[in-house]
Amino acid sequence: MAQNLPKDYVKAHNDARAEVGVKPLKWDLQLTLHARKFVKKHISDCKKGFHDATFVGNKYGQNSAYHPGSVSGVEAVAEWLKHKTNYDYKSNSCIDGTLNCIVYGHIIWPATTYLGQAHEASKATFSTIAMTETEGLRLRNRD
Numbered sequence: 001m002a003q004n005l006p007k008d009y010v011k012a013h014n015d016a017r018a019e020v021g022v023k024p025l026k027w028d029l030q031l032t033l034h035a036r037k038f039v040k041k042h043i044s045d046c047k048k049g050f051h052d053a054t055f056v057g058n059k060y061g062q063n064s065a066y067h068p069g070s071v072s073g074v075e076a077v078a079e080w081l082k083h084k085t086n087y088d089y090k091s092n093s094c095i096d097g098t099l100n101c102i103v104y105g106h107i108i109w110p111a112t113t114y115l116g117q118a119h120e121a122s123k124a125t126f127s128t129i130a131m132t133e134t135e136g137l138r139l140r141n142r143d
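Reminder that position 7 of the sequence shown reads as 7 in full-length UniProt numbering, one-by-one numbering, no gaps.
Since the hints were made in silico from the structure, they are not lab data. No residue lacks a Cβ here, since even glycine has one placed at the ideal position from N, Cα and C. Among these hints, one or two may not hold up.
[To be verified] Just the calculated beta-carbon pair ranges, DEER-fashion:
| no. | residue 1 | residue 2 | range |
| --- | --- | --- | --- |
| 1 | 18 | 86 | 19 to 25 Å |
| 2 | 91 | 121 | 34 to 40 Å |
| 3 | 6 | 95 | 30 to 36 Å |
| 4 | 41 | 97 | 29 to 35 Å |
[As the list claims (entries may be wrong)] Dumping the calculated DSS-like pairs for lysine-lysine here, alpha-carbon to alpha-carbon at most 27 Å:
| no. | residue 1 | residue 2 |
| --- | --- | --- |
| 5 | 84 | 59 |
| 6 | 41 | 7 |
| 7 | 23 | 41 |
| 8 | 59 | 11 |
| 9 | 7 | 40 |
| 10 | 26 | 59 |
| 11 | 59 | 40 |
| 12 | 11 | 26 |
| 13 | 11 | 82 |
| 14 | 59 | 82 |
| 15 | 90 | 41 |
| 16 | 40 | 90 |
| 17 | 11 | 84 |
| 18 | 26 | 41 |
| 19 | 7 | 59 |
| 20 | 82 | 23 |
| 21 | 90 | 59 |
Make a model of the complete structure from these sequences and hints.
Here's what the structure looks like:
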């Protein structure tokens, strides 16, 4: 059974947050509407990792996932959580010196309080966007 309900998304995020001792997220309809607009606009062009500031500006964090075939929104969250192994909590940076662990940072950032997520299917792609209130999240580049 596909896991594409708000309660599924919130649980997937909050399970990860509980592991690091930060407060749980709450579902936010406004963030969900932003995520839904983004998915509908970009599902046909599959802009992987594309951050479209016209939707949210710099106030919100955004994780994007584009998958061929059938993938649930919760499975997309699981993919983002794989970046945990590259995240260094003490330095707030990615261990490999890149910024590719930011998707994990968006999930566990302590100041984040709300989540909105949308999942949409096209002929060949499933697209999932999660948007969070992550103002203040600035990962450090280790260069």
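Quick rundown of the hints versus the structure:
1. 18 x 86: 19 to 25 Å: holds (20 Å)
2. 91 x 121: 34 to 40 Å: holds (39 Å)
3. 6 x 95: 30 to 36 Å: Holds - the Cβ-Cβ distance for residue 6 and residue 95, about 32 Å, lies within 30 to 36 Å.
4. 41 x 97: 29 to 35 Å: With a Cβ separation near 32 Å, residue 41 and residue 97 satisfy 29 to 35 Å, so the hint holds.
5. 84 x 59: holds (23 Å)
6. 41 x 7: holds (24 Å)
7. 23 x 41: violated (32 Å)
8. 59 x 11: holds (23 Å)
9. 7 x 40: OK: residue 7 and residue 40 at ~21 Å, within 27 Å.
10. 26 x 59: holds (17 Å)
11. 59 x 40: Holds, at about 21 Å.
12. 11 x 26: Holds: residue 11 and residue 26 sit about 10 Å apart, inside 27 Å.
13. 11 x 82: Cα-Cα ~16 Å, so holds.
14. 59 x 82: Holds: residue 59 and residue 82 sit about 24 Å apart, inside 27 Å.
15. 90 x 41: violated (37 Å)
16. 40 x 90: violated (37 Å)
17. 11 x 84: Measuring from Cα to Cα gives roughly 17 Å; hence the hint holds.
18. 26 x 41: holds (25 Å)
19. 7 x 59: This hinted pair holds, its Cα atoms lying about 24 Å apart.
20. 82 x 23: Answer holds: residue 82 to residue 23 is near 20 Å, not above 27 Å.
21. 90 x 59: This hinted pair holds, its Cα atoms lying about 23 Å apart.
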